[in-house]
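Start from chain W and add chain B according to the hints.
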Amino acid sequence: MPEISRKIFISAGDPSGDIHGANLMRCLLEKYPNITFYGLGRENMLQSGLHGLHDMSQKSLMWLHALTEISTFLRMKKECIHFLMQERPCAVILIDYCGFNFYIASAAKKLGISVIYYISPQLWAHGPWRVKKMKKLVDKLLVIYPFEKSFYDNAGIPVTYVGHPLFDEIHKEDVDEGLVAELKKQLGETIISFLPGSRRQEIGRLLPLFLQSAALIHQTIPSAKFLISCNNEQHFDLISAITKEFTVPCKIVVGNAHEVIKASILCIAGAGTITLQIAYYLKPMIIAYKISPFAYFIAKPFLITPFIGLVNKLASKMIVPERLMCRGNPAWLVNQAIQLLNNPQKRQACIHELSLLMDEIAKPGASEHAADEILNLLRSKPS
Amino acid sequence: MSIMLGFFYVFLLIASASLIASAMSYFFAKIKSFSFTLLLFYTCNTFFSFFLIHNNHAFFFYTIVIFLIIFPILCLILFALDVYYGLFCIDTSFVLFLVWLLTPVLFIVNLVSYILKVIHA
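Chains W and B supply the protein sequences, listed in that same order. Using my numbering, the letters of the first sequence correspond one by one to residues 19 to 401. Using my numbering, the letters of the second sequence correspond one by one to residues 4 to 124.
For reference, chain W alone in the conformation it holds in the complex (with noise of 0.2 Å):
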């Protein structure tokens, strides 16, 4: 590629699409140190010298949740295709959040500006049809699941697997064993993490249900201990709520996802990319979603995959215990909890299988591997 300035238009939604999106960037920047990133994005993409046309931090929002925020999205909708319009940059990189990035999309193939998707939505697991959608708005995809290529491949779109940037940040992260060694000081070595997600809806749906079933492990475990990984400080209002409507000992840990999971033996967690955190870790785990009835009876034709949870749909087979609940049923994921907990067999086979999911998935490089695929189409366009 010649030497000059490009601008690149980069939108992230979700705080997981942050991190991702800032070592993307910084991956380019290595590269290729004259682009300049324009975009929407959160602290890690700003610290990554993105020039923000919006603040992302509160924008995380799910299904009908995303109708409150609507002229909010409206505006920063006018205001990113305005820019596009003015600025013409040489490709736009979407991450994820295509509940809003397919209007970026669509306004950047009508000004003929490349369209790059990093980190595909999950158009496998529900809306499968929204891959047409797909194949006319974007020119590259890049996909961090082995099994999307084929689905992609399929539909007729340019993809590439580039691994999962997830593994980039843990390599690149060093574990503090001495937070590890201070929560086993504190709690014992009978550790349960309780990992409920990301959004506040998720939390507030699955935490209630996890100190549920918390109660009735600590009766029947009465050395266990319970940690709360709490991803956000803005959730830790939330959280600390919930919990005091329960009874049982918890700790809220704020960060530190790593170490929570390290020091636990057994972690119970929502359905996300939370749970290939946990694999990486080689502990057992049990994925509980829960949805309402209503919300059940209205997705339950368009849930193709028989997995919910990622490390089971990357196994292609139930590796770790998982369920969808419209009710809550603590006594599922206490009997499940027990199971790992005091069956060594079992407890064995879980993490075995875990081990050769990893050893299979779990490489760094991805965000490299990436803007080297991003780098190689712009340098097919001229600039």
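For the record, the hints were derived by calculation from the structure and aren't laboratory data. All the given hints hold, so there is nothing to weed out.
Pulled a few chain B residues facing chain W out of the computed Cβ check, cut under 10 Å: (1) Ala-26; (2) Phe-31; (3) Ala-32; (4) Lys-33; (5) Ile-34; (6) Val-86; (7) Tyr-87; (8) Gly-89; (9) Phe-91; (10) Asp-94; (11) Phe-97; (12) Phe-100; (13) Leu-104.
Glycine is no exception: its CB is placed at the ideal position from the N, C-alpha and C atoms.
Showing chain B alone in chain W's frame:
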């Protein structure tokens, strides 16, 4: 009058049966069965509303037709077009929430109207 009420009773039976059948066929992703039973539900309920409500409350009847019949059917058509042609940027599956909120409302409105008719008969 009793013949009329018997006639309405048949409508009520078809409406309730088709609502249950459409919900079940939707849940088990039987598209053809869902389309047929929902069409039967809307057709039956349109006539039911017309005979029950139109004469005395024409404005209410047309409101029902617009919000509880035309609007959800339009939503379903747009959703079907989106599924087949990928027309919209937005994930149109949210219209199914609206449809499944409004469909039972239509049945309840007709049921209440029928009960009132029976009481006043």
